[in-house]
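Engineer: Read off the chains here:
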Amino acid sequence: MGYASTIKVPFGPQHPALKEPEHFLFEVDGDTVVNVTLRIGYVHRGLEKGFELETYNHGLYLAERVCGICNIAHTVSYTQVVEELMGVQIPPRARYIRTIVAELERLQSHSLWVGIVAHEAGFDTLFMYVWRDREAIMNLFEELTGGRVLHAINTLGGVRRDITPEWETKLRKGMDSFEERTKDYLRIVNSERTFLKRTSGVGLLSPQDAVKLCAVGPTLRASGVKEDVRADDPYIAYDEIPFNVVTSESGDALARTVVRVEEMMESIGMIRYALDHMPSGTIKVRPPKIAPPGEVLSRAEAPRGELIHFGRSNGSAKPERYKIRSPTLANIPALCKTLIGVHVADIPIILAGIDPCFSCMDRMAIVDRRTGEKREIEK
Amino acid sequence: MISMSEVIEKLQNHLKSDFGEGRFARDRRIFVRVGAGSIKEAFRYAVQEMGFDHLGTITGADLGADLEVVYHLVERGRNVLSLSTRVPKEKAVVPDVSDIVPSAAIYEREVRELLGINFEGLQGASLLLLPDGWPDGTYPLRKDQSFGMLKEIKLKKG
Amino acid sequence: MIVYDLFFLLVFPGILFLLCLAFFTEWVDRKFFARIQNRYGPLYTGPSGILQPLADFVKLLSKEDIVPRAADRALFTLVPIFYVTLPLTALFIMPIMGETGLIAFEGDLIFLLFVFGLMTIIIFLAGWSSMSRFSIIGGVRSALQMLSFEIPLGIVLIGPAIAAKSLSISGIVQWQSANAAWGLWLQPIGFVVLLTCLLAELELIPFDIPEADTEIVAGWRTEFSGRKLAMFRLGRDLEVVLCAALAASLFLGGAQPLWLIPPAVVFLVKTIAVVLLFSFIRSLFARFRIDQVIAGMWKYVLPIAIVQIVLIELGVGV
Amino acid sequence: MSLVKEALQQLRKKPATKKYPKEKASPAKGFRGIPVWDMDKCLLCVLCQNACPPAAIKLVGKGREAEISFSMDRCMFCAECAEACPKGAITMSEKFELAGTDRGEMVFIFKKKPIAQEQK
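Residue numbers (this note's numbering), protein chains in the order written: chain S, 4 to 382; chain H, 3 to 160; chain G, -15 to 302; chain W, 591 to 710.
Check each hint, because a few of them may be wrong.
[What the hints assert, rightly or not] Ranges between beta-carbon positions, derived for each pair: (1) W/Lys608 with H/Lys145: 49 to 55 Å; (2) G/Met115 with W/Glu684: 50 to 56 Å; (3) S/Thr167 with W/Lys608: 22 to 28 Å; (4) G/Ala39 with W/Pro676: 19 to 25 Å; (5) W/Glu687 with S/Lys186: 33 to 39 Å; (6) G/Ala39 with S/Glu243: 45 to 51 Å; (7) H/Pro97 with W/Glu684: 56 to 62 Å.
[Said to hold, decoys possible] Here are the simulated lysine-lysine pairs, DSSO-like style, with alpha carbons at most 27 Å apart: (8) W/Lys703 with W/Lys677; (9) S/Lys287 with W/Lys631; (10) S/Lys52 with H/Lys93; (11) W/Lys609 with S/Lys52; (12) W/Lys614 with S/Lys173; (13) W/Lys608 with G/Lys15; (14) H/Lys153 with S/Lys321; (15) H/Lys93 with H/Lys42; (16) S/Lys215 with S/Lys229; (17) S/Lys173 with W/Lys608; (18) S/Lys186 with S/Lys229; (19) W/Lys595 with W/Lys614; (20) W/Lys619 with W/Lys631; (21) W/Lys595 with S/Lys186; (22) W/Lys603 with S/Lys173; (23) G/Lys15 with W/Lys614; (24) H/Lys12 with H/Lys42; (25) S/Lys200 with S/Lys186; (26) W/Lys619 with W/Lys609; (27) W/Lys703 with S/Lys176.
[Stated by the list, open to error] Stretch-level coverage of chain G by chain W, calculated; a stretch enters the list once three of its residues show a Cβ under 8 Å from a Cβ in chain W: (28) 14 to 26; (29) 260 to 271.
Note that these hints are calculated values from the structure, not bench results. Beta carbons are placed, not taken as given, at the ideal position from N, Cα and C, and that holds for glycine.
Let the sequences and hints guide you as you build the complete structure.
Structural biologist: Okay, structure coming up:
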């Protein structure tokens, strides 16, 4: 590097661009990032150990609190694992309600994310508008599940509350107004020149790198790889609900925004389809207390990407080993790859690109990109 | 999209003696146990030849007498192959696979930190998940560590 | 007559009035910006929150004032004072009471340009003296930004001076009231360029790179707290008043009596109108990157400013 | 410049935010606030105590004088107790402003009313 050695710019653990405590140490040469070192674990709560000490029923509430924004994805995966371990078949109506609530949560999570990216780029007005419209969904959640953020609606053997007709009409009305708001965002995101200047061509991730680094979710689809757990490995009611997987070619921060907004449009369509074809019947089946020995791996498409829950039972009322791998964790190498060689000013937007949810990720682990030269990734 | 029986059969004739037992619990889920010696070869074969190019995660488990490592590999989003191998607790060493799939380093670091399985060839010694100054030798996810014991752990200063 | 001069200097168009105007403009800006974003803005301090800026100021005065160990102590304490006094002095040449400011001399437009340049240097020194990574990056960015907008600003300010054949702001205001013509209609391009450059000078949204809160915490203001931060916020409000008054005087006719309305009220209305314009523009855009700003200013804003001057020379806007 | 039309429209609309301390948003019907015990229906069985994941409910004492001591700082409002109660004695109230500075005050005691003399 000669005389002008790199200066180390710390990002976090407390930093306005990071909503949760994470520590990125950027080596900056002039205005471009040369290397990034990551230190996480600030919100690690030892959940996996916790699962082994809790019964299956109480473990549900541990799984729900892994992450605030995508807790439906966690409870859906958890209930799938335990129900498969116990050999319980949930009624079709419960499967449909779970799908509707999962898609509603995807809407809420993606609109939260669009607001944050707008705020990172300094576009505060869009941030305020998007979060104002998100309130409609939070209120819908409050009416159905009784909780704005932590909706304890999934339980072992089905769902706890049924969809009442008047809630259904409220949902349909909410979806109509939300749809044309989303169309509006799509127009703004694609046409606002200052936002375009800050996001298009920033943080490029090629399809080969995305696949090689095992990226997941919208980050992967924004680079043009057509992979979505809901379509490839359908769970709950996704095999009966038609939808198309949204991808984009350019693989930059703008593509990640557009892919997420279009996914919101897809989710609205799916919710309407699920409401029209809602089977009737019971919503809950009484689960047994213990699960015979076995091991199950369940994959779900959380708003941030592919979420893996792996459970192993030993015949008692407590799981023998329970593993959660959250989507943010899988996106970290792809994030580190895109962060190399960008402007310091672009770091928040690229960081927000993978929609990091560190409380999900920290619950387990990860990596200190070995310092030294850039060679590791291409190893 | 190769069928599940084909996957097991291919692995079987590739690994011959070291092939433990393979079963599929339900569609798109294949569990295969492999001898400790040929886990890296099985992993390389699955990733490069059979198209399981997406590494979901690596799970470590404490089975009392020995420790188990399970590699979850996903094939173009559909079939999930869980390659597992067992290693005695005293000599818990498993070859590092981050040269085949770079993001494996992520999960290996966690398993090493929480369970104490040593992945030879994995550089970088700094603790990631556990707080700095965590007394080495205590692995939180081991069955012999209870929550009570973990609470009393004092972090080494400096 | 000293009493009158003291009164003019200290109270009416002087310091007290300007401070109140500064707080008032901050309140107007925050309320309008909030209304655009569908929220209320300050509500509970005084009638519909009008005393909020004053409350913030007093609260900051009472807060602890930390000076980083590595900071250059002398410079660190001097910079906030300069940041407040500079816009205050520049505001004395603005015609508020009548068509001539408190101090009006031929060439005070150039003095104003000098004050703008000095302001940016003060900001750079603020960032540099606090010796923290974020403020150094912020300070460097503000210096870079100054290099990009200073020249178009200079060129576009000369426009009305050429039309009015006088280098003093009071002279320009008198010329406008004499010919009953606003600079806006004569040189519309000049007004647009002036707004862009003033936004860059004030570091408002499209150009608030030196203190981009999501990237470098608070840019050059990161290390300041307590009284110093209060001074910086007051200095910022005064700077907004200065820029709004400049735009109002040069292009909207400044403090001219309109039938029975005294010139000071007309001046107030026009300045608030310009502040609202700033606030509206501020809500429409995302933040540029520093290299985009420099490239944009040199490639687009500068040629447009030169076109404006050429047009005046050809006698279009006189 | 794509936001100009929208921004101007917003100026006419009433702000979406509420003036919180003065105007309060009332929670929806099925909202899970703090659980409340109706001691007339309560059988003093310990089903709710076992069902509570964070073990926030404790039955103290024996017989009629037994009381339910519910510590709100452990509760996570999951309504498992309301579901587990055979007599439906537990209902989730609508109160959500529960912040407090002293954990001592966060323990609620629910006792049965002493039997009136003439009933004996």
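Engineer: All the hints need checking, so say for each whether the structure fits it.
Structural biologist: Here is how each hint holds up against the structure:
no. : hint                               : verdict
1   : W/Lys608 with H/Lys145: 49 to 55 Å : holds (52 Å)
2   : G/Met115 with W/Glu684: 50 to 56 Å : holds (53 Å)
3   : S/Thr167 with W/Lys608: 22 to 28 Å : holds (26 Å)
4   : G/Ala39 with W/Pro676: 19 to 25 Å  : violated (56 Å)
5   : W/Glu687 with S/Lys186: 33 to 39 Å : holds (37 Å)
6   : G/Ala39 with S/Glu243: 45 to 51 Å  : violated (58 Å)
7   : H/Pro97 with W/Glu684: 56 to 62 Å  : holds (59 Å)
8   : W/Lys703 with W/Lys677             : holds (17 Å)
9   : S/Lys287 with W/Lys631             : holds (26 Å)
10  : S/Lys52 with H/Lys93               : holds (23 Å)
11  : W/Lys609 with S/Lys52              : violated (44 Å)
12  : W/Lys614 with S/Lys173             : holds (22 Å)
13  : W/Lys608 with G/Lys15              : holds (15 Å)
14  : H/Lys153 with S/Lys321             : holds (21 Å)
15  : H/Lys93 with H/Lys42               : holds (17 Å)
16  : S/Lys215 with S/Lys229             : holds (15 Å)
17  : S/Lys173 with W/Lys608             : holds (22 Å)
18  : S/Lys186 with S/Lys229             : holds (23 Å)
19  : W/Lys595 with W/Lys614             : violated (31 Å)
20  : W/Lys619 with W/Lys631             : holds (22 Å)
21  : W/Lys595 with S/Lys186             : holds (15 Å)
22  : W/Lys603 with S/Lys173             : holds (22 Å)
23  : G/Lys15 with W/Lys614              : holds (22 Å)
24  : H/Lys12 with H/Lys42               : holds (16 Å)
25  : S/Lys200 with S/Lys186             : holds (21 Å)
26  : W/Lys619 with W/Lys609             : holds (22 Å)
27  : W/Lys703 with S/Lys176             : violated (48 Å)
28  : 14 to 26                           : holds (count 7)
29  : 260 to 271                         : holds (count 3)
Going through the hint list in order, the structure does not satisfy hints 4, 6, 11, 19, 27.
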